[in-house]
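Peer 1: Single-letter residue listing:
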Amino acid sequence: MHEDKWIPTICYQCKAECAILARVENGVVKEVKGNPLAKGKMCVKGMAGITTLYSGERLKYPLKRIGERGEGKFERISWDEAMDIMEKKLRELRDRGEMHKFTYSMFPHSSTDPKWRFVNAMGGFITTGLPHCDSAKIMAHLHTFGCFPNHHIAPIYYSVPKGGIMILAGRHPFGCLDDASVARDILNAKERGAKLIVIDPIFRSEAAKADWWIPIKPGGDAAFFLGMCNYLLTNDLYDKNFCDKWVREGDMDKLMEFIKDKTPEAMSPICEVPAQDIIKLAKMCAQAPSVCVDAFKSIMYGNAMDWGHAWSIFLVITGNLDNPGGQPLPEIAPMAPVEPVPPAPSLHELGYHRTGPNRDKFDYYTFILEPTWYAAQAVKEGTLKVFFASECNPALSEMGSSVWREAMTLKDKQGNYLLELFVVTEILPSETMKWADLVLPDQTNFERWELLYMPWWYTYAHTAAICQPVVEPIGESRHANKVMIELGKRLVPEYFAFKDDLEYYDTELAGVGMSLQKMLDNGCVWSPRTAGFYKYESAGKFNTPSGKVELEWRMYKDLGQEWPSPELPVEFKRGEQEYPFILVNFRSTFLNNTGAWSHNNAQLRDPISGRDRNPLVLNPLDAKKLDLVDGDLVTVTSKTAQVRIPVCLSEKIKPGCAGLIHGFGQTMGKIASLGNWIGDNELIADAGSHLDEQDLRGGEAHVATRVKVSK
Amino acid sequence: MRQLSIMVDLDRCIGCKTCVVACRNHHNLVDHENAMPGNLSYYLRVESELTGTYPNLAEDTWVVMCQHCKKPPCVKACESGAISKDLQTGIVLIDQEKCVGAKKCIEKCPYKVIQFDIEKNCAHKCDLCYDRVVHGHDPVCVEVCMADALSFGEREILLMQAEAAGKKVIKKKSTQSVLYVKNPKS
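In order, the protein sequence lines correspond to chains A and B. Sequential numbering of the first sequence, starting at 1, is according to the working numbering. Sequential numbering of the second sequence, starting at 1, is according to the working numbering.
Hints in this document: simulated from the structure, not taken from any laboratory. Don't be surprised by glycine CBs; every beta carbon is placed ideally from N, CA and C. Hints are not guaranteed to be accurate.
Below 30 angstroms or equal to it, Euclidean Cα-Cα: the simulated DSS-like pairs (lysine-lysine) are [as the list claims (entries may be wrong)]:
#1 K85(B) / K190(A)
#2 K30(A) / K85(B)
#3 K185(B) / K172(B)
#4 K185(B) / K283(A)
#5 K162(A) / K85(B)
So the derived label-pair ranges between C-beta atoms look like this [claimed, not checked]:
#6 Y130(B) / D211(A): 34 to 44 angstroms
#7 H137(B) / G547(A): 46 to 56 angstroms
#8 Y130(B) / A344(A): 33 to 43 angstroms
#9 L626(A) / S48(B): 25 to 35 angstroms
Derived, one-sided and incomplete: chain A residues facing chain B with beta-carbon distance under 10 angstroms [unchecked claim]:
#10 R23
#11 V24
#12 L520
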């Protein structure tokens, strides 16, 4: 037996941050598995984390660019030199009074992440790939029933009762950015008599386990749910008691007026779901003890706010808020502040979305972070001069990533890059690193300390977790948090007076009655293990300005967005003749595109244990019309790009759709560069280039793309 | 009795491949530093079957590992006597000391689950985590299964469990020791 030393820590192969155990033998990680003190599960990406840790391609030393940006040529430098380069440039920017032109793109592990603190202390902006994924859901729920503005509150599947309904609308929780225990919890709920309904243009493993798969036209979710709302409201099948008590006065009358023409029959042609199916699901939901809805890819289209709004209204009129099996409304258990707390930049004063012809309209859309996609536009406009990036991969994972890459190379008349310094922290070679001036070798979760505090994250397995190192770091790698703390001590010492990262985390943890030691004693996790239920009853209010559920979004009245439109995104309604296919980009459990390290993991690219290809998925009915057979090489053209890739014919995709995985296409690293695959973002337009078409319907989501396919 | 087994519940297997990687890690089947896709040994693989046409589809996924055959063709094929079926556990074991690398077992295995180690010049495969089960642990794949689709135990007992849960044995898949079950209504 080898099972002598299992050490608790946290996985970081994706943002789900599952609590795990690592078996260490003679200073080497041999095995990993889910920590039974939390939810006890770990996915294939997590299992393959050891391959990332020990990859022969690990970045071991700081690197400095020697060629032009994009060439990927570097030389080894010392940490001292790397720190000096960053310090010098930031001092220069500060002396110029342009600190707001410094941005850090990251996945913050908490609102008190040391990297985020550094940005605020310097007076820069944080940008993140995090909010735009499903920011419309966050904003919609926030506006309607005042949830905490968190990234993603998954339904608590282990609270779904017998007969409860679980709706997955374009969400793939069996292995994509959800806690690894979610698949088990959904299947357990099914075993005790809950129903799983999958609304999705693609039939994936969730649909294979569903009681009912409803293929839908991409972007049709708002119409589908408005059709259900119409049926429930006009047939007296809604939760009248809940609505009478909790919906703001006058809103129900206005909703009735708004919804009256959104009949299932009227909505059916938009979403391409038969009216009788809309009615059938509405009836099922009316009879069920609970309904929960989760969505992800569907809330990234150009009508994302409408869909989020329709979804919110549906939850309200069926009374599925903060109830077992419904939509959780967790509260925050705040970390203690590390005084003095640096002030956040004034988004209104400095400009929130600082680009685009309709930038003023986005003032309504006051989320707490800047979206990453603004970077390319900001470089062109001269409002972004120093850019740091950690745990994100904008060269591949952003919409219109080719525009981003081009922006990195733009020069002024003197031949200087418009973006004066670009620094990337990275574990393995990444596409983004090719454009960097400095590449700092980062550490995997097996080598670093980190406080992970996402009180809202996915499931309630843990709401705070400590990632502790289980082995010595590889090479000279240093965790980005430690690097930024050191840089903070050099540049803004008043905000970095604490000893080190451990003291910082220890102070923060006091806010939830924990300490670093207590966390370690507790298996690295802390959780109240519930989000609670019906808290609005005891509070006597919802967390909205009126204290009631606000169905009508009055703040958007002058924009004509008080109620959700059932219409498809403009991008899908336009160009149908020239670009007949809707691009359906979806996630694979074997790739965390934003986490660039997963691209170069041999086990995740192995055909037996992972995924080694990303062909364009077409329905055979469409292929027949185009005279295509499986494996044919085709040209895929969008308004902004053209690529050549093989097709894969599958009954699993709705005709009229062309499927492509979010990821692939990396050229750095011997594993990632195998095969001539491309990622979805090559075909998707840079969001910042067409903000005038996006407005509030799309929130920050901008992946709606049409393509044509030819031999 | 005397046959330890794994039962694969097709109502729960989601084809996530977590077991494949966990098995590799446990059995040291992967040289993390130098591993290249398409070139890694494995003791389990995921298979699937899609039936129907759009939009009326059904898909099953399951894992295939050594089936620990009742009368193992590999035992018969091995001229050096390196392969045996353990009397007390029913586990088919390859004695790597005796294996001379003739690869006859690989040719004869109907399930194509036997791997070959070029460096050591010997065959190797799933041993139902013999080192774990004799100490009372489940095989690694069973322990880590993300969807709780795998169960471990005496084959006869697993059959009783399946019956109690209303699951039917899929006979054409369960011809040897490993069991594949599914709810007939799903």
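Peer 1: Are any of the numbered hints broken by this structure? If so, which, sorted upward?
Peer 2: 1, 5, 8, 11 and 12
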